[in-house]
Amino acid sequence: MALKAKQLTVGDTYTVRLVEDLKRTQLVQYAGASGDYNPLHTDEVFTTRVAGYPSVFAHGMLTMGMTGRMLTDYVGDARLTRYGVRFTSQVWPGDTLDATATVKAVNGDRVELDVKTVNQDGVEVLSGYAEARIDP
Amino acid sequence: MAAKHFPVQSGHILMFARAVGDDNRVYADEAYARDTEAGGIIAPPTFVQAAAQFDPDYPLRPKIGQPWFGSGKTASGVDRPPGAGGAGGGLHAEQHFEYHRPLMAGDVLTAVNRPGETWEKEGRRSGRLKFSELITEYRDQKGELVVTARSVSVFTERAASAPAERS
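Residue numbers (my numbering), protein chains in the order written: chain A, 1 to 136; chain B, 1 to 167.
The hints are simulated quantities; they were obtained by calculation from the structure and are not laboratory data.
One or more hints might be untrue.
[Said to hold, decoys possible] Stretches of chain A that chain B covers, calculated by requiring three or more beta carbons in the stretch to come under 8 Å of a beta carbon on chain B: (1) 4 to 18; (2) 95 to 104; (3) 113 to 122.
[Claimed, not checked] Here are the computed lysine to any residue pairs in the SDA-like style, where the Cα-Cα straight-line distance is at most 20 Å: (4) 63(B) x 35(A); (5) 104(A) x 98(B); (6) 4(A) x 112(A); (7) 4(A) x 81(A); (8) 130(B) x 96(B); (9) 23(A) x 118(A); (10) 4(B) x 61(B); (11) 63(B) x 37(A); (12) 73(B) x 104(A); (13) 63(B) x 28(A); (14) 4(A) x 76(A); (15) 104(A) x 11(A); (16) 121(B) x 105(A); (17) 23(A) x 94(A); (18) 4(A) x 88(A); (19) 104(A) x 2(A); (20) 23(A) x 15(B); (21) 4(A) x 37(B); (22) 4(A) x 36(B); (23) 121(B) x 112(A); (24) 142(B) x 96(B); (25) 73(B) x 44(A); (26) 130(B) x 86(A); (27) 4(A) x 94(A); (28) 23(A) x 23(B); (29) 104(A) x 118(A); (30) 104(A) x 96(B).
Where a beta carbon is used, it is the ideal one built from N, C-alpha and C, also for glycine.
Bound-form chain B, shown alone (with noise of 0.2 Å):
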């Protein structure tokens, strides 16, 4: 995930605690959270991911005037063959975090991506798994290092019987 302008803001980190399932009050109740350890509403664990909101070229969300391949009039708004997947890319294979302070709302970050390692393995029933990492540092403001992430994608030769999320 790559973003300029990431803007923290109370109003998003509710709606992705609602959409994980989480009620706690520090996700959502500013009075309540000056009161906590962090002392004010901080972001859950995987918040960062939200990220693709801010990344202009983010490939998996409809753009005004472009084709998107969701479904419409036909299954596919786009030309593509059965079986085909998402976007094409790879299956989410692994995530990880390593926190170095508490996200908080307000803060506003930029994410910036670098390769990791890539490797090959062969798969019982995908035949040859190329995985690759992707490294994204979260700075905030003042340039500091807030939350490293590295994912890892997995690319199969043979699509629908990957184990993992397509992404």
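Next comes chain A alone, as it looks inside the complex (with noise of 0.2 Å):
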């Protein structure tokens, strides 16, 4: 499950396609999940006719988590010492998401990770890093 040290090289990528086609129903979903009932999620009433917005948009942390299962998927599980991330543009449903992990630097028991996810565009909506403890 985890990775081990000798087998990683600077450079190395992996790449999980997080969704495809992101429905208004996962906005929904996360939004009971993680509390956050902002309207701008789940109300296109309010996010369109007030606040101005074409439509609903994701949670910036619903596209970190959905970026997460990616480094855990790769890294293991347990195993993340640190995660962080800038949302870089939003995140709009019919979105296909594309999450990539990219070796930056392998110290000792540690994994250094650049961290990027991009939209079917190719536009990237979120850019951050992860470091993770790996095996021999």
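Now that you have both chains on their own, put them together as the hints suggest.
See the structure below:
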């Protein structure tokens, strides 16, 4: 499961498709699970007529959460030591997202990763880093 | 996120994992999880954000008997001008987590906030941008640090052109 230092090379990449054609219902699911009920993510009437956006859009933390699956699939369960991101573009219903981790450095029992998630147009929606414990 | 009592429950973990599209059995299957390195059901990496459920004052949850700004009979349940956006807070610009140990089902956390740095920047489209950090320490039932979170919010002069999420 966990990564091994001797099998890692700087520049290695790991990519996972996080979601295809993101549905509004998934935004509702995330609102319910996370407790963030901001209508901007679930209430099309409020978001278009009052807030002035073209439609509801994803919680940044949903994109970070989905990207987290890519990371734990790669580094193994209970191995992350750090994970941080910047939200660089909005994610809309209908989007298809791919997340990639790139090995930046291997230091003893730790791997440092660059993390990036892009949409179907290649636009970066999330950019960040992670660090995980690895085996020798 | 501030919470005096944030019980990390397996059912909540299951719902959260489903919402982020993760069917890893370590979040759902007790018997399977017991034989993994962590030795039980663990929480996904961003799960502590769900402390919002246990923050009595969390502003983005409808509260019984109080006005809510989402749509009902009208486009907003409260009187607010068009373009006024979400709860009037900033946009969520960054989120960082430091994991001191795996978060497990059965843990009971407290979450305590402290302010971090603040800074300003001139935005290309949105005028002056004001950034502020909030640091949250999640401690377990023994008072030991489990997760340190750092959230960066950005407040813009002109609302609708902002790049990130309103929080």
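Hints versus structure:
1. 4 to 18: violated (count 1)
2. 95 to 104: violated (count 0)
3. 113 to 122: Our answer is that it is violated, as 0 residues pass the Cβ test (under 8 Å) against chain B, missing three.
4. 63(B) x 35(A): Holds. Residue 63(B) to residue 35(A) sits at ~12 Å (cutoff 20 Å).
5. 104(A) x 98(B): Holds: residue 104(A) and residue 98(B) sit about 18 Å apart, inside 20 Å.
6. 4(A) x 112(A): holds, 13 Å
7. 4(A) x 81(A): With a Cα-Cα distance of about 16 Å, the restraint between residue 4(A) and residue 81(A) holds, given a limit of 20 Å.
8. 130(B) x 96(B): Cα-Cα ~18 Å, so holds.
9. 23(A) x 118(A): holds, 17 Å
10. 4(B) x 61(B): holds, 17 Å
11. 63(B) x 37(A): holds, 11 Å
12. 73(B) x 104(A): violated, 53 Å
13. 63(B) x 28(A): Holds - the C-alpha atoms of residue 28(A) and residue 63(B) are around 18 Å apart, at most 20 Å.
14. 4(A) x 76(A): holds, 11 Å
15. 104(A) x 11(A): holds, 6 Å
16. 121(B) x 105(A): violated, 31 Å
17. 23(A) x 94(A): holds, 6 Å
18. 4(A) x 88(A): Measuring from Cα to Cα gives roughly 31 Å; hence the hint is violated.
19. 104(A) x 2(A): At roughly 17 Å apart (the allowed maximum being 20 Å), residue 2(A) and residue 104(A) satisfy the hint.
20. 23(A) x 15(B): Holds, at roughly 17 Å.
21. 4(A) x 37(B): holds, 15 Å
22. 4(A) x 36(B): Holds, at about 17 Å.
23. 121(B) x 112(A): violated, 29 Å
24. 142(B) x 96(B): violated, 24 Å
25. 73(B) x 44(A): Judged against 20 Å, a Cα distance of about 14 Å means the pair holds.
26. 130(B) x 86(A): holds, 16 Å
27. 4(A) x 94(A): violated, 37 Å
28. 23(A) x 23(B): This hinted pair holds, its Cα atoms lying about 17 Å apart.
29. 104(A) x 118(A): holds, 19 Å
30. 104(A) x 96(B): holds, 18 Å
The structure fails to meet hints 1, 2, 3, 12, 16, 18, 23, 24, 27 from the earlier list, while all remaining hints are met.
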